[in-house]
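J.: Sequence:
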Amino acid sequence: RISDAVEFFAVAKAKFDYCLDFARTDRSAFLTILSGAQRRITYDTVRREPIRQLSYNEFVPSQVRCLHTIDHHLALLAPLGVRDVSREIHLELTAAAKARAARLIAEEKLGDEFVILHPGSARAEKFWSARRWAELADHIADTRELRCVLTGGKSRMEQEHIARIKAHLQHPILDVSGRLDLLALAALLKRARLLVTIDSAPMHLAAATGTPQVALFGPTNPFHWRPLTTPATILRAGNPVPMT
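Residue numbers (the numbering used here): 206 to 449.
Bear in mind the hints are in silico, worked out from the structure with no lab data behind them.
Heads up, the beta-carbon is just placed ideally off N, CA and C, and yes, glycines get one too.
Watch out, some of these pointers could steer you wrong.
[Claimed, not checked] Here are the computed lysine to aspartate or glutamate pairs in the EDC-like style, where the Cα-Cα straight-line distance is at most 20 Å: (1) Lys371 / Glu313; (2) Lys314 / Glu350; (3) Lys359 / Asp380; (4) Lys303 / Asp386; (5) Lys395 / Glu312; (6) Lys331 / Glu365; (7) Lys303 / Glu318; (8) Lys303 / Asp317; (9) Lys395 / Glu293; (10) Lys371 / Glu340; (11) Lys314 / Asp380; (12) Lys303 / Glu313; (13) Lys395 / Asp317; (14) Lys220 / Asp209; (15) Lys220 / Glu263; (16) Lys395 / Asp380; (17) Lys359 / Glu330; (18) Lys395 / Glu313; (19) Lys395 / Glu297; (20) Lys303 / Asp380; (21) Lys371 / Asp347; (22) Lys359 / Asp386; (23) Lys371 / Asp343; (24) Lys314 / Asp347; (25) Lys395 / Glu318; (26) Lys371 / Glu350.
[Said to hold, decoys possible] Per label pair, the in silico range of CB-to-CB distance: (27) Pro417 / Leu272: 20 to 26 Å; (28) Ala300 / Ile238: 36 to 42 Å; (29) Asp343 / Ser291: 37 to 43 Å.
With these hints in hand, go ahead and build the complete structure from the sequences.
T.: Here it is, written out as structure tokens:
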């Protein structure tokens with residue numbers, strides 16, 4: 206693609222001092238070489254690939270199966286002398302994102318007493334039962350007197366899943382799926398009392414905004430992907446004991 210050629214030229218022209226490759230794909234290996242960096246760093250697992258390993262000159266011994274993803278990525282900074290750094294995720298919200306969330310809260314009269322339910326993902330195998338989501342939303346409305354807000358993407362798969370959830374509901378729910386970009390969603394999450402989600406992008410946004418959450422894991426492993434530094438209860442399919 207022409208866009209790729211433009212990107213490749215820009216990398217080659219920039220003349221970097223360091224290049225850290227977290228991905229270890231053919232594309233990232235090629236970009237590493239193009240960077241012209243004197244120090245080209247990646248994980249030592251790439252040594253198993255005779256051709257690809259030629260793109261690098263420093264290798265970090267970190268095994269992802271033994272670490273949370275954050276710790277695995279932070280390990281790649283060790284050759285630069287960066288060690289024992291905070292695991293906390295920080296996200297600077299723009300004024301426009303905060304205003305968009307505030308406007309939505311005011312228009313829908315949400316106040317500060319609302320819970321966000323985010324049932325969608327790009328991977329359908331992560332989905333929880335639509336009936337269960339509806340039961341949860343109705344339970345919150347009946348017992349906590351909190352309003353529930355449905356968020357999600359615009360994809361047909363997610364929208365069909367959300368439609369199935371709404372078909373089972375006994376109480377009204379505010380559906381803002383497809384209406385917010387990621388930063389506006391993060392700003393809305395920051396104002397929410399709680400997020401209930403599957404393993405998805407909003408789980409990480411809530412970790413960055415400090416919003417308490419309940420995260421449902423199915424096929425993915427919470428050992429590698431769960432929030433580490435913010436209030437979170439982790440429920441895993443087939444395991445009745447929650448992680449906190």
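J.: Are the Cα positions of Lys395 and Glu318 separated by 20 Å at most?
T.: 12 Å, holds
J.: Run the distance test for Lys314 versus Asp347: straight-line Cα separation, threshold 20 Å.
T.: 19 Å, holds
J.: Are Lys303 and Asp386 close enough, with their CA atoms no more than 20 Å apart?
T.: Within the cut-off at roughly 12 Å; holds.
J.: Given the hint that Lys220 pairs with Glu263, does the C-alpha gap stay at or below 20 Å?
T.: 18 Å, holds
J.: Are the Cα positions of Lys371 and Asp343 separated by 20 Å at most?
T.: Answer holds: Lys371 to Asp343 is near 11 Å, not above 20 Å.
J.: Take the C-alpha atoms of Lys303 and Asp317, compute the straight-line distance between them, and say whether it is at most 20 Å.
T.: Cα-Cα ~14 Å, so holds.
J.: Does Lys303 pair with Asp380 here, judged by a C-alpha cut-off of 20 Å?
T.: 19 Å, holds
J.: Would you check the hint for Lys303 and Glu318, treating anything up to 20 Å between C-alpha atoms as holding?
T.: With Cα atoms ~17 Å apart, Lys303 and Glu318 stay inside 20 Å; holds.
J.: Please check whether Ala300 and Ile238 have a Cβ separation lying inside 36 to 42 Å.
T.: Hint holds: Cβ distance 40 Å, inside 36 to 42 Å.
J.: Would the pair Lys314 and Asp380 pass a check requiring their Cα atoms to be no farther apart than 20 Å?
T.: Answer holds: Lys314 to Asp380 is near 14 Å, not above 20 Å.
J.: Could you grab the alpha-carbon distance between Lys395 and Glu313 and see if it respects the 20 Å cut-off?
T.: With a Cα-Cα distance of about 17 Å, the restraint between Lys395 and Glu313 holds, given a limit of 20 Å.
J.: Regarding the pair Lys395 and Asp317, is the alpha-carbon distance no greater than 20 Å?
T.: Distance ~10 Å between Lys395 and Asp317 Cα, so the pair holds.
The structure meets every hint from the earlier list without exception.
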